[in-house]
Structures are given as structure tokens and as C-alpha cells.
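Chains G and C supply the protein sequences, listed in that same order.
If you use the working numbering, the first sequence corresponds to residues 12 to 341, in order.
If you use the working numbering, the second sequence corresponds to residues 105 to 426, in order.
In short, the hints are calculated from the structure, not lab data.
Predicted, not measured: the structure shown is a model, and the values here were computed from it.
A portion of the hints provided could be inaccurate.
Straight line, CA to CA, 30 Å or less: simulated BS3-like cross-link-like pairs of lysine-lysine [unchecked claim]:
| # | chain 1 | residue 1 | chain 2 | residue 2 |
| --- | --- | --- | --- | --- |
| 1 | G | K140 | C | K231 |
| 2 | G | K139 | C | K114 |
| 3 | G | K137 | G | K163 |
| 4 | G | K19 | G | K122 |
| 5 | G | K122 | C | K167 |
| 6 | G | K122 | G | K163 |
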Amino acid sequence: MNKEPILKIEDLCVDFKTRTGSVRVLHHINLSVKAGESIGIVGESGCGKSMTALATMQLIPTPPGLISEGSVLLKGDDLLKLNEIQMRDVRGNEISMIFQEPMTSLNPVFKIGMQISENIIRHQGKTKKEAQELSVAMMRAVKIPGAARLIKRYPHELSGGMRQRVMIAMALSCQPSVLIADEPTTALDVTVQAQIFDLLRDVQQDMGTAIILITHDMGVIAENTQRVVVMYAGHKFEEGPVDEIIHHPKHPYTRGLIRCTPHLKKNMEHEREELSEIPGIVPDLSRLDGLCPFRPRCSEKRRQCDEQMPQEIQTGDGHFVCCWAAGEDQ
Amino acid sequence: MKFFYSLIKKVSYSLLLLLAVIVLNFLLLHIAPGDPVETLVAEMGGATPELIAQLRSDYGLDKSFPHQLLNYILRMAKGDLGMSFTYDQPVVKLIMGRLAATMILVLTALMLAVFLGTILGIMAAQKPKSFFSGFVTLISLAGYSAPVFWTGIMLLILFSYLVPIFPSFGMYEVGSSGNMLSYFLDVLHHLVLPALTLASIYLAVYSRIARASMMDVLGSDYIRTARSKGLSERVVVYKHALKNAVLPVITMAGLQFSQLIAGAVVVETVFSWPGMGQMAFEAILRRDHTLLLGILFFSTLIVIVVNLLTDMSYRLLDPRIK
Ligand SMILES: Nc1ncnc2c1ncn2[C@@H]1O[C@H](COP(=O)(O)OP(=O)(O)OP(=O)(O)O)[C@@H](O)[C@H]1O
Ligand SMILES: [Mg+2]
């Protein structure tokens, strides 16, 4: 497992211009993923998970958004140094993305087959006919029944689960090195969710794709990823192997997240019995003061918390955390 | 098959509508004061009561009201719209002579408004805060609030008198003879100002609609998906977004087509364009009921046909509607 990471995000900062001034929505995010590995990004709504993904793809609307610092290294090359034209060769080809809403993520006025083959034609210079055949093969690979017939259908004729499979077929049609799945199952019912995750695991094994799975559900992370990054208010709070994080979370926020996930709670050592939620609400990003943004909700607040933002420290093999309380435990 | 079924349904609704319009037109004109024979007699400078009675029975005006109506509907069904007493010619023949001119004007204006409007709207939507976008909003507002006849007269003054590059009236040069091409160019030359005038108000409407719907579409998830495939901005906007964004424009164009025909009456009068609208105007002044009813009937027919066409093109563009 000591391969070089295929995608490495370093020190990524994203700012948004608003009426009241510039707001930083991502603060020096670091993460990396290796070929064939699955990592998770987890956190409450608005913490910057999607923003991290969109910044990686350089799909942040600019203006008002701007990637102001950092680098996104794909196989060692910094994507942020590419111009828009060069970046288009990366999107859908080297890095693909699937989104939360399969209902609205496909264009309602084009046939399914066209929407998949468009990606193949764009990046592999295939003819229409070859691309159609490849699309059917891809749809079979993601276990869509009656693929040859379905390419002539429109998105509204398919169920949500099927549409998400179509999205996956589209995203994988050029064998990308990295697949970013932004809450791919949130809009689907539980049985379909499980099928989609099984499918992602299968194609990953076949193709060796690196997967970045974005979710707010720790349970999903536990079942489907090897490593996890915990985010809060645009900050990375904790990162580590999934088992380690679930059994020995170091950050109070991570502990809170696990505590609200029913079937994970019991794994944590010396925890109170009841399922609880984290008190308080996510802060307004424009009101952050440069100190730990979780401070107002934190049950383990220290004196230092009001003085300085903690540095990221390593507490174990591949386990990093950004919290004064975790530092003291050492 | 579903498509065919819904088409039949639409057509039968349309026929019913047509019948209703015939009855309504007839009623309205019947209630209106004034009688064509009175006008005719006034123009002739008086007549004997026998002659007046003779004329009344010639035009069927002495029959009872329901009788007149039934007669009218039956004749309509046979395609006989009666005789115009002011021109002393069959109404159908008169209308046919004018129909082409009106259709050329109205359809050119419609295309100008829809195409230019959509393109302006799209360009404005891509940079909603730019100077250009503000400019489009401004001319939209101006075009929308200015009365058609005012726009027409302004264009006349500007491009026909001050800078005489376009003719001020008519559809072609009187007495000009030549091949098809020179005739075509001649008509085109005469068409520019009236078509622009008629298009101006609708251009404003369509560019606003196109801008709003394009901005809406550009923010949608499937556009993000299209970008995530590495498609160029041109493909994203003019393929993925346009086909969705143009739907409300088409709906609007269909709905407003009747207003375009109404606008043509004014424009044809301002520019002496030899179309149905101009003739309708004359028919009203001379109380030529038969002719006016015929023109109203034809306008209704055109509007209904255009609405059907709009409906079908909508179905072709949007697979969700069946
Ligand atoms: N146009 C914008 N202007 C200002 N701030 C923005 C803009 N778009 C997004 N943000 C901010 O960026 C932050 C990160 O949003 P992001 O979509 O990444 O959250 P998320 O973690 O994906 O949440 P969710 O679970 O709801 O998808 C949010 O707090 C949001 O307020
Ligand atoms: Mg999100």
C-alpha cells in the first residue's frame, strides 16, 4: 500500500466573493488518494465537501468563486497550472464525477445513449457508432438490464437508481484514474443505495479506479472506504484509516459524528449509551475568526482554543488530527 | 401512436374553437351599429327605398338573425366567405390576394424576433452582469414599451427620409419588371423596415424570456454534468443548454402569434404594406361586414394552425411531453 498517490490535493484554499466581502470556504485542505483506493470525505451540510470536489475538477463558478492557493496534483502534474482548454481533457477522462441528484443530473432532452457516448467521442475520438457500442458495453458493466434498448430512451423514462447507474456508466466510460462520487445515493432508497455501493466496489476492483466518496453518513464511510477525511466549516479536522477513526476518533467533532450514527456508536470506546446529536449549528463562514470553528459547539474546549488555531498533528500511522484536546491526550 | 392520438384531439378542439370564433365574430359585428347598405347608399349619394330593399335582400340582410348566422356558418363550411360589396369581389379571392403579403411580413417578423431574441438572450445570460447584458435589458424595455406605430414612424423617419436607404411604403416598386431574383430582392428591400418594426416588440419579449430561461438552465445540474465531461463551452451552451432554454421561448411565440397578427394591422397601415391587416382596416372604415368577418375567420385559422405547429415542435423538442 505504499504506492504514490494518484491524486494529491495540497493546501487548497477557495474563496467566494459575496456582497459583504470575501469568504473563505476551504482552508488549506490536504488529501490524497492512491490507485484502487477509496477515501471518504465526511461532514455536516455546508462544510465544503462538494466544494473540494468541484475545486478538484475546476468547476467552481469563477467569479464569484476562486481557488486562491494550493495545488491539485494528478500523477504529479499540477492541474491548477493547466488552462481551461487543457483542463477539459482531464474532466470526464482522467477525473470523473457523479452527483447527488440522478433525477436532475442528466439532460432531459437528450437520449441516454447520446449522453454516454458524447463523453467517449469527446475524449477518445471514436466514431458515433463505435461510441454507441462502447456505451452499451459500459451500461452492461454497470448492470443496466436491456442496455441496447435503453440507449434510445430519455432520462425521465428511467428510475432514480437506473439513472445513477447511467451516470456511473458515463463517468467511467473513459476509464478515469479518479472517480469523485458526491453523495451518490442520498436521493435513492436504501436497497438501491446498497446496490450502487456494491457496483462502485465492483468496478473499482475491475478498473483500479481511485474513488473519493463524499457523504455525511459515517455508516456509509465505514462500509465503503479505507480512509476518511473529516471536514468542518471548510477545515479538515481529522484524517485516518477508517477502522482507526471509528474506534479511536481523536477530534471531538468526529466523535460527535460517530455518536449520531446508530450502528457505529457501539464501536467507540467508553461512550455514553444514548444516541445523541451535536448541539449547536454550523457557523456562518463569513464570521469565522481564525480560531477553531468548532469551538462554540465543543464540549472539550480548552483555554488554548480561544487563543490560537491548533496545528495538525500526527497521532498514529496515517492518523492526523487538528485539535488542542487531541494534542493533550498524547 | 400517442402522438397521433393527441394530434387528433388537438385538431378537433381547434375545429370547435373555430366554430365558436365564427359565431362570436358574427355576433360582435351584428351588435355593432351601422349597416353596410347604409354606408353604400351614403357613398352613392342616396337611393330609392326600393333599391335599398333590393340591396338588403341581395346581401341577405333582411333575413332573421339566426337565419343569417346559420347561412353564414354553412357558407363558411363550403369555403364561401361571400362577396365584398366595397370591392365587388368574392372575399376569399380578396383575402388570397393579400394573404401572402401578410404571411411574409408576419413570419419574417416572428423569425427575426425569435432568432435574434434568443441569441441576444443567450449572450446576455452568459455574462449576466456585463455591460452587454444591461444593454439588452435596456433595448428590451424600450422595445416593449414603445407603441408599434411609433417605432414604425421612427424607423421611417430615420431610414427612409434622413438616411434614405429603405423605401417608405409598399411591397415592391410599381412597374418594375425583371426576373425572379430581382423581384425577390425588391420585396426583401421593402420588407426590412416593416418586419423590424413588427419584430421589435416581440424581440424584447423573447430576449427577456431567453435570458431568464438560459440563466436558469445554465445553473442546472445537467449543465454541471456536461461541463464535468470536459465539453467545450460552445457545446455546453449551444447544445446542452439551448435545447432546454428555447422551450419557453417557443411556448411564448405560439401564444403571442395572435398578437403578432394584430400588430400587423398597424404595421401594414403605417408602411402601406398590401396585406390583410391593411384591408381589415379599410373594411372597418367602410363597414364591410362580409370582408371583415372573412378576414377575422382567416386570422383565426392562421393562429390555430400556428398553435398546432408550435405544439408539435414543442413535443419534438421535449421528450417528456407525450
Ligand atoms: N456562490 C457562493 N457564494 C458564497 N458561498 C458559497 C457559494 N456557493 C457555496 N458557498 C458556500 O460554500 C460552503 C461549502 O459548500 P458545499 O456545497 O461544499 O457544502 P457540502 O459540504 O457539499 O454540503 P452538502 O452536504 O449540503 O452538500 C457552504 O457553506 C456554502 O455556503
Ligand atoms: Mg454537497
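Each hint tested on the structure:
1. Among the hinted pairs, K140 of chain G with K231 of chain C is inconsistent with the structure: their alpha-carbon atoms are about 37 Å apart, more than 30 Å.
2. Restraint check: the Cα-Cα separation between K139 of chain G and K114 of chain C comes to about 37 Å, which exceeds 30 Å; the hinted pair is violated.
3. A threshold of 30 Å between alpha carbons decides the hint, and for K137 of chain G with K163 of chain G the separation of about 19 Å falls inside it, so the pair holds.
4. Distance check on the hinted pair: K19 of chain G and K122 of chain G sit about 36 Å apart at the alpha-carbon level, beyond 30 Å; violated.
5. Restraint check for K122 of chain G and K167 of chain C: the C-alpha separation of about 62 Å exceeds 30 Å, so the hint is violated.
6. Restraint check for K122 of chain G and K163 of chain G: the C-alpha separation of about 6 Å stays at or below 30 Å, so the hint holds.
Going through the hint list in order, the structure does not satisfy hints 1, 2, 4, 5.
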